[in-house]
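Construct all of the structure, not just a fragment, from the sequences and the given hints.
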Amino acid sequence: MASRRRTLLKVIILGDSGVGKTSLMNQYVNKKFSNQYKATIGADFLTKEVQFEDRLFTLQIWDTAGQERFQSLGVAFYRGADCCVLVYDVNSMKSFDNLNNWREEFLIQG
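Counting in our numbering, the sequence shown runs from 216 upward without gaps.
Keep in mind the hints are simulated off the structure, nothing from the lab. Keep in mind that a hint or two might mislead.
Straight-line distance between alpha carbons at most 27 Å, and here's what the computed DSSO-like set of lysine-lysine pairs gives [to be verified]:
no., residue 1, residue 2
1, LYS247, LYS225
2, LYS225, LYS263
3, LYS246, LYS225
4, LYS247, LYS263
5, LYS246, LYS263
Now the structure itself:
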């Protein structure tokens, strides 16, 4: 029986503060949701194993603080990222408009 290859993928979640990045990550990885808002300080990550066809992937999902004061995470945070998930609040047009800034930051730093 052939052993399956496991691939590590670094995924970073980007978006303005308070849009639900942490909630999205916790729901996806742990199937848990909290109504309590708790701001992320700096960055945190969770892992999730995913199988697609005959391949195994370990997703290392990084959650960031959306506040500009934490953008000094910069190169170290983005280094090695395979992709990003851009998150916005459907009730905040500003958070949607800011997605292009987050996208550009990812493309420059990543």
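Check your understanding: Against the structure shown, which of the earlier numbered hints fail to hold, in ascending order?
Key -> The structure breaks none of the hints.
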